[in-house]
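S.K.: Just need the whole structure built from these sequences, with the hints factored in.
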Amino acid sequence: MTEKSSIVLSASFLIASGIVFSLEHIATMIYWFAQVFTGSYPTEPDHNPFLSNFFIIIFLILSLIFFAMFINLRGKRI
4 MTEKSSIVLS ASFLIASGIV FSLEHIATMI YWFAQVFTGS YPTEPDHNPF
54 LSNFFIIIFL ILSLIFFAMF INLRGKRI
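In terms of the numbering used here, the sequence shown is residues 4 to 81.
Treat the hints with care, as some may be off.
Cβ pair distances, simulated, as ranges [stated by the list, open to error]:
| id | residue 1 | residue 2 | range |
| --- | --- | --- | --- |
| 1 | 79 | 40 | 57 to 65 Å |
| 2 | 18 | 49 | 42 to 50 Å |
| 3 | 64 | 42 | 38 to 46 Å |
| 4 | 4 | 47 | 39 to 47 Å |
| 5 | 5 | 50 | 35 to 43 Å |
These aren't lab readings, by the way, just hints derived from the structure by calculation.
All C-beta atoms, glycine included, are put in the ideal place defined by N, C-alpha and C.
M.R.: Structural data, given as structure tokens:
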């Protein structure tokens, strides 16, 4: 694996985890807004903890692994 491919994979998995987290947050807010319009709603929306989604954890771990591989490959080149 080359340096370029490892850093691209690392960035891709980091962006994917951010997108999954954002979509989950958007879905929670839409559900809360729907409750507000029906009249039965809590005062604040329920926010899921950051690490509650399994895919976010997996994507972050994969991102860190590929970033560590990038650092390792770059260290061997110097």
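S.K.: Any hints from earlier that this structure breaks? Give me their numbers in increasing order, please.
M.R.: Checked against the structure, the only hint that fails is number 2, while the rest are satisfied.
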